[in-house]
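One letter stands for each residue in the lines below.
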Amino acid sequence: MLTILFDGIAYGMVLFVLGCGLSVTMGLMNFVNLAHGAFAMLGGYVAVLAMQRLGLPFLASLPLAFLATALVGIVLERLVYRPMYAKSHLDQVMFSIGLVFMAVAGTDWLMGSTQQFVRLPAWLQGRFEIAGIGIGRYRLFVIAICGFLAISLQWGFTRTRFGSRLRAAVDDARVARGLGIPVNRLFALTFALGCGLAGLGGALGVELMGLDPSFPLKFMIYFLIVVTVGGTSSITGPFFAAMLLGVADVVGKYLVPQVGAFIIYALMVALLITRPHGLFARARA
Amino acid sequence: MTARRTILGGMLGLALAGSTSGFALAQEAVKVGLILPMTGPFASTGRQIDAAVKLFLAKEGAVHGGRKIEVILKDDTGNADTTRRLAQELVVNDKVAVLAGFGLTPLAMATAPIATQAKVPQIVMAAATASITEASPYIARTSFTLPQASEPMADWAWANGIKKVFTVVTDYGPGIDAETSFANKFKTAGGTVESVRVPLRNPDFAPFLQRVSEAKPDALFVFVPSGVGAQFMKQFVERGLDKAGVKLIGPGDVVDDDILEGIGEVAQGAITTHHYSAAHDSPANKAFVEAFQKANPGMRPNFMAVGGYDGMALIAKALEATKGDTSGDKLIAAMKGAGWESVRGPIKIDPDTRDIIQNIYVRKTQKVGSELHNVEFATIKDVKDPVKARK
Amino acid sequence: MRAETIEARVRQALYAGRRWHPAEIAFWLLAFAAYLLFPRNLLLLNEIAILALFALSLDLILGYAGIVSLGHAAFLGMGAYAAGLFAKHVGADPLAGLAVGMGAAGLLGLLTSPLVLRGTDLTRLMITLGVALILYELANSFGSLTGGADGLQGIMMGPILGLFEFDIFGRTAYLYSLSVLFVLFLAARRVTNSPFGLSLRAIRDNPLRASASGVPNGRRLAAAYTLAAAYAGAAGALLAQTTQFVSLDVLDFHRSADLMLVLIIGGAGYLYGGLIGAIAFKLLQDVIATLTPQYWMFWIGLFLVLFVLGGREIIHGAVQKAAARFARLGRGVGR
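Chains as they are written, first to last, in our numbering: chain A, 1 to 285; chain B, 1 to 391; chain C, 1 to 335.
Since the hints were derived computationally from the structure, they do not count as laboratory data.
A hint or two may mislead.
The calculated lysine to aspartate or glutamate pairs, modelled on EDC-like cross-linking and capped at a C-alpha distance of 20 Å, are [unchecked claim]:
#1 A:LYS218 / C:ASP249
#2 C:LYS282 / B:ASP81
#3 B:LYS119 / C:GLU165
#4 C:LYS88 / B:ASP81
#5 A:LYS218 / C:ASP252
#6 A:LYS87 / C:ASP121
#7 B:LYS95 / B:ASP329
#8 B:LYS95 / C:ASP167
#9 A:LYS87 / C:GLU313
#10 B:LYS216 / A:GLU129
#11 C:LYS282 / B:GLU89
#12 B:LYS243 / A:GLU129
#13 B:LYS119 / C:ASP167
Under 8 Å between C-beta atoms, here's a sample of chain C residues computed to sit facing chain B [what the hints assert, rightly or not]:
#14 SER144
#15 ILE168
#16 THR172
To be clear about the criterion: a stretch of chain A counts as covered by chain C if any three or more of its residues have a C-beta under 8 Å from a C-beta of chain C, and this derived list gives those stretches [what the hints assert, rightly or not]:
#17 4-17
#18 103-115
#19 269-275
Even for Gly, the Cβ is constructed at its ideal location relative to N, Cα and C.
Same shape as in the complex, but just chain A:
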């Protein structure tokens, strides 16, 4: 049972890395970006291709996935996302769905629809036992990396100047601009960071969640749950939401295999009914 808990935590960690970028972007830009999953998928494919075509080792492909996706994020933000900021939420949702469709079909055309795999280095394969709990090496690795990311993000968010400017801009963009904070540049950088994190999460998740062109559609709901339940104004909110989600999903499937997936949605609906603004959102004035 504890093994399952451990698995759930690993799963939750990946969900966190995937979802926190979306969370901050949505809080900052007030933009519902359902295409976030497409960036995650991009990161996954970059990692897989880097390993297969360029022969890079697994560890090197991770930062490459991050950088490549962040770069694509910057370009797309400039070209396509900016004109959409002023439009209605409905339009934004439809726009991002359109991007997802294009990404899914485009990837299918370029890479085919079969599952992609990463060949893990030997030291990341297999598992060992501690006090009766089976610890998968790769899952431990994922927890370590994502935990480190979570801590640095939280530190960056709360203790650096960039972080405080970001928080100010999220709280009230107009006043922040009035104070001289370059909000537009903040948008672009944060969006890039969010996309990069999504790409990294996608690369890490290939081993745990699989990778094929329908990835954005399959996991979109998970990211959205992380964001809605965790709120958009902190890093800790999405973190706990992702943990809750990951553990509930894995444990649910273990205990009651027939209705495993259903538990997540029921949990989400229940949470949203009782706390419509997310678990950790501060009341907006």
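Since chain A is already given, all that's left is putting chains B and C on it; use the hints.
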């Protein structure tokens, strides 16, 4: 209203009669509506069957029984509503004489009423749930059924000292078929079975495999749709189940030839039962595999391809038997009892159930040269679908 | 005195809205005539009619009440499964099945309406999406009832009114779907042009002010949501009955996403948007799917992106200019 229906019926009858009348239209092509999932999660099935159909027409020619076979390929993306609509359009607008393909059970089932209404033979080349052939008297199958493959597995497992089995199957027609037929046979022999079902969409095997490792069975019986096998195998090994001495057994879908190389070393040692392996040792098969790989570089034919190839062969043989007559009733009557030596071994279409009778082989996944193959080491001859045979 | 004049003016406006514009009459005549004009495409036309009804139902809540929903497929699915199960286990009469489908979906709408009244747009998106996904998983889990991933089979439909059999060409199906669409459209037209409909628009535009004016926001929205759910259930029932098959796809996310696209193309808030959007979308999808059977999703996505980025303004501008020219032509002839 009855007058109107009589007129409609008369028109339909005239149209059908016109399309099958003899000498004046003898050179008109026989259209075969091939509905396959060419995109979406089951696209590999579509690709394999499409390649096999093209290979058949290239090798055996398109003219049979004095008529030329023309294949119209449609993509249903694995969606049953689309399959049904495409089938209806093919029958009504394109006036196909035969419907073929059907990559999944729901796709075949959705089309059955149309085959019955329009009296058009429906050749199921891939779907594998036992009850499909009962959905319409115009359905004939050239793939296989899961009980056909799973019951011999139960026999082999019991005979080889396996007493406790945990089954993991995908929760849909073929998976449930596999689980029930295996479990019943194995329990009758005296073994114990524990079962769990994985959802068809978004399968995440980790929690299910955790249960398996805690139950410590002698063997794990697994069925997942062709294409998902690789993910399952990785999780199996990652959880250390192979090192814990749990044998991996099941129908051959999990070591599908199409992806076997991609699964890699982790698949070694799996024992499976199936009706076709690309490594099947016969001259006809060797020629088939060679021709297939030549026409489709990088692709190895799998059991789906064989289902497609034999489906076309069945249509061709039926046309030859009816001498080009494409009336649905005559074609289906010609198909019943048709038998020949296929690349997989000897096959026959059961005249009572219109399902396929074929050899089932027990194979072990191992290296042959530098590639992984399913090497056959035991044969169970002329297996009928056990579910219908018991009725 | 002044209040009475305002009342009189409002009543006049409502009556004016109920008059039939010649373009509307032409539209419906063409729709029924399509039965004779396109006998080979009746299957496609049937799908268009069903999609149009589905879009109409979303327009009722999105265009008129301002409720955003990413999970409207839940009601489509509820209606489809209810009608399918009714036909399979109780009785094969299509109209009875239609009523059952509408009732079941309407009930689901009524039960879930409290969920949609709280929170922001984003919360509503998530909750509606969540409800649709839960329903999908439920349908998947209760496979013995719904057929699970294999779909509900063995639905045999009896003749409509005991007279019109369903045939393989889609003749009966199209006229049936079109008639149901027409009747429900008439009802929707009446409802939106009533004081109830006006109050919905008031709530959509300024909920605070509407409730301050004495409009019972919650109850009105719940009523609209239930009605829309019943309409979507009708579309689902039609789908189940005309194709004699229900699969999990009816509850899939892409149904809700495609629906939003339909409404965006046609425009929300004036009832015909859903109908026009449905025609445009289905034709577009059919054309693209024939050209590129494998990657049509890409072109639909591209169309969507371009449309939202600026295409809508261009298209609407062109349509408006054409309409203006048409109107001037009419006036010219009249003189």
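Comparing the hints with the structure gives:
1. A:LYS218 / C:ASP249: The hint holds at about 14 Å.
2. C:LYS282 / B:ASP81: This hinted pair holds, its Cα atoms lying about 15 Å apart.
3. B:LYS119 / C:GLU165: holds (18 Å)
4. C:LYS88 / B:ASP81: holds (18 Å)
5. A:LYS218 / C:ASP252: Between A:LYS218 and C:ASP252 the Cα gap is close to 11 Å, so the pair holds against 20 Å.
6. A:LYS87 / C:ASP121: holds (14 Å)
7. B:LYS95 / B:ASP329: At roughly 16 Å apart (the allowed maximum being 20 Å), B:ASP329 and B:LYS95 satisfy the hint.
8. B:LYS95 / C:ASP167: holds (16 Å)
9. A:LYS87 / C:GLU313: holds (13 Å)
10. B:LYS216 / A:GLU129: holds (16 Å)
11. C:LYS282 / B:GLU89: At roughly 16 Å apart (the allowed maximum being 20 Å), B:GLU89 and C:LYS282 satisfy the hint.
12. B:LYS243 / A:GLU129: Holds, at about 14 Å.
13. B:LYS119 / C:ASP167: holds (14 Å)
14. SER144: This interface hint is violated because 10 Å lies over the 8 Å limit.
15. ILE168: holds (5 Å)
16. THR172: violated (11 Å)
17. 4-17: violated (count 0)
18. 103-115: The restraint on the stretch 103-115 of chain A holds, since 6 of its residues have a Cβ under 8 Å from chain C and three suffice.
19. 269-275: holds (count 3)
Of the numbered hints given earlier, the model fails hints 14, 16 and 17; all others are met.
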